[in-house]
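Enquirer: The lines below spell out each chain.
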Amino acid sequence: MDYFLELFLSGLTRGSIYALIALGYTMVYGIIQLINFAHGEIYMIGAFVALVVSGVLTIYGFSGVSILILAALIAIIYSAAYGYTLEKIAYRPLRGAPRLSPLISAIGMSLFLQNYVLLAQTADFLPFPELVPEFEFMEPIAHIMGSAELIILITSAITMIGLTLLIKYTRIGKAMRATQQDMVMARLTGINVDRVISVTFIIGSVLAAIAGVLVGSYIGQINYFIGFMAGVKAFTAAVLGGIGNIPGAALGGLVLGLAEAMAAGYISSAYEDVFAFGVLVLILILRPSGLLGKAVKQKV
Amino acid sequence: MAMISYLKSCLIAAIWFVFLTFPLMVVKVNTLKNTVEWRWMNMLWVAIGAFILSAVWRWAMERRARGARQKEQEGSDSDKKPSLGERLLEDPKLYRPLLGLVVALALLMPWVSEMYQVTIWVFALIYVVLGLGLNITVGLAGLLDLGYVAFFGVGAYTYAILNTRFGLDFWICLPIGGLTGALVGVLLGFPILRLRGDYLAIVTLGFGSIAKIVYENWEGVFNGARGIEKIARPGFFGMEMDISAATTFTYYLMLVMVVFTIFVTNRLKDSRIGRAWMALREDEIACVAMGVDMAKTKLGAYALGAFWAGLVGVIFASQTTYINPASFDFMLSAIVLSMVVLGGMGSIVGVVIAALVLNLLPEYLRAFEDYRMLVFGAVMVLMMLFRPQGLVANVRKTYTHSKKVHAEEANG
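Just so you know, the protein sequences line up as chains L and F, in that order.
For the first sequence, this note's numbering assigns the number 1 to the initial residue and increments by one for each residue that follows.
For the second sequence, this note's numbering assigns the number 1001 to the initial residue and increments by one for each residue that follows.
Among these hints, one or two may not hold up.
Unchecked claim - Pairwise CB distance ranges, derived in the manner of DEER restraints: (1) L:Ala123 - F:Ala1068: 58 to 64 Å; (2) L:Ile267 - F:Asp1370: 36 to 42 Å; (3) F:Ile1012 - L:Val184: 30 to 36 Å; (4) F:Leu1193 - L:Leu188: 36 to 42 Å; (5) L:Arg177 - F:Ala1068: 30 to 36 Å; (6) L:Ile141 - F:Ser1009: 52 to 58 Å; (7) L:Arg177 - F:Phe1022: 32 to 38 Å; (8) F:Phe1022 - L:Glu130: 21 to 27 Å.
Claimed, not checked - No farther apart than 30 Å at their CA atoms in a straight line, the calculated lysine-lysine pairs in the BS3-like style are these: (9) F:Lys1071 - L:Lys294; (10) F:Lys1028 - L:Lys88; (11) L:Lys88 - F:Lys1071; (12) L:Lys294 - L:Lys174; (13) L:Lys88 - L:Lys168.
What the hints assert, rightly or not - Only part of the chain L face toward chain F is listed, based on derived beta-carbon distances under 8 Å: (14) Phe48; (15) Gly55; (16) Gln121.
Keep in mind the hints are simulated off the structure, nothing from the lab.
Every residue, glycine too, gets a C-beta built ideally from N, C-alpha and C.
Could you build the full structure based on these sequences and the hints that come with them?
Expert: Shown next as structure tokens:
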């Protein structure tokens, strides 16, 4: 039973990370129907900036939670800046181009950012400073759930609730929903669509940065290539929940994380990644609209 | 005044990029040894680079916008002067001698250069054929395939296993490798035919990664991460060949393959199925409405692209005589894709040139080697922005209505 609980919690933790990244994919896809291939790289950059900041602060003698918060804040700012710049350079000029063009541009950007970090920093795995303190009240259940896991679960829950509120009740959230439904009509009613798209990228990047910082302190090491796998899996989660659907992405992330943890725990951990792709292919074949998505007929 | 605002916006861009790259370019932390390194010089380079690049960028964007406006005014069917590249391709007087020269150089190459050079060229030619194969799937049919390397791996492993376990000869395995590739292509293509282009990209990417993980972990068949060694080189009627002769032989074999591939894709392009591919690429719904069988057409493109990857996979395995899963990772797919994008999707000459340039340039400019993938990524973005048709645009065959024929018809 303990083993199952441990797997369940680790699956949930992993799933909430996927969910955070998947939200970025799904929001961008919902608005401009583009698979933002470089989204995984934004997540990686978030983790790297956090590593650099916390590394520097540790060396200059700061300690504990203050580093974590500062590192997370700076990582968020930088990821948002990267996401914004990425959209402006690689996607905005291609609006209205054939569908394949922005996708190829996104793949190019993904390669570019990966190798930029590789060249500017290093190809090796870097250990992430231990920032999360071991909570004392976690002592009795420490064998099934660590403090880092607790922080990840709480942070992602708060983030997702915040996002839901933002989209539901704020002005920019309304504008985002309007743009998602009908871009031309949204523009006619006076919504600055370009700005809405920029904001969408920024929000997605912020979520990715949060995920990056959390993963860094959870797994303990990062390198320039972590964005690739995380990106593909988060995309799987987004498709699983129904791409373009925000609660769907969260659900998809959790389901994928749980399924993966169970498969790794009970079947074989070597084929963990195969399993995620298998889920993706099966979903696309059996129910391309995803768990929560509605089937949309293509209009001519 | 305009100049000042121009410079001002470039300056802002420079400052922005200095800010963006600061934590990654300037600071370098070693969290193992707890040391931090400040590389302030990088800041200067980024500032200067960003300033110049943003000036070029602005100029290019303006030119692009002007071009789009001009096109709108003139309409699509204006007579424009053919560029040098197009003239070279269309005028037999120009391209025949050039072609002759290229063929002569290609044939003479192994006799005047060292084995090392020949090996480099063998790999370059392998990439050429891979590029041409992917060109069928991506360029002609518009199906973005990010797992192309999987089929290459299928071919290579087919030969490696058949040769080392069952002692089958290279020449028997060559078609088997190609067919296995095509078969896997069909098997994979079948369930994902209904998907739209961008989903296809992700699924193929997933498939490519799955293939690699399976090679790595299935010890019994693929020998895991250790790979398979002592794969036989191609034989030629039982002739004994040393390494250098075998490499030369493989080189000629690849030349034949390249010519064969060019011939086939060229014929395919103008065939019924080739035109169906292009129609499908341009507008799927209209194409299906015109009575094109979508499933068959897409599967055909998929299988043919995979077939070539399988064929070259066999040759690759025989050339290196050792393969392991690391040879078949996503980067290879990305490299081949950037060749197709750079050369011009659907354009045969363009893809051949791009494959040679992208492969040989890093070989001969060793300093460039590290920046290879960075440049490939940038090339993909820039090509999409400024020249989506590629370096050598694919010239669609057009049937012009000649006035003379018309007049004769009217008279007779």
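Enquirer: Against each hint, give a clear statement of whether it holds in the structure.
Expert: Outcome of the hint check:
1. L:Ala123 - F:Ala1068: 58 to 64 Å: violated (41 Å)
2. L:Ile267 - F:Asp1370: 36 to 42 Å: holds (40 Å)
3. F:Ile1012 - L:Val184: 30 to 36 Å: Since the Cβ atoms of isoleucine 1012 of chain F and valine 184 of chain L sit about 31 Å apart, the hinted range of 30 to 36 Å holds.
4. F:Leu1193 - L:Leu188: 36 to 42 Å: Because 37 Å falls inside the window, the suggested range holds.
5. L:Arg177 - F:Ala1068: 30 to 36 Å: holds (31 Å)
6. L:Ile141 - F:Ser1009: 52 to 58 Å: holds (57 Å)
7. L:Arg177 - F:Phe1022: 32 to 38 Å: holds (35 Å)
8. F:Phe1022 - L:Glu130: 21 to 27 Å: holds (25 Å)
9. F:Lys1071 - L:Lys294: Cα-Cα ~40 Å, so violated.
10. F:Lys1028 - L:Lys88: Answer holds: lysine 1028 of chain F to lysine 88 of chain L is near 28 Å, not above 30 Å.
11. L:Lys88 - F:Lys1071: holds (24 Å)
12. L:Lys294 - L:Lys174: holds (20 Å)
13. L:Lys88 - L:Lys168: holds (26 Å)
14. Phe48: holds (6 Å)
15. Gly55: holds (3 Å)
16. Gln121: holds (6 Å)
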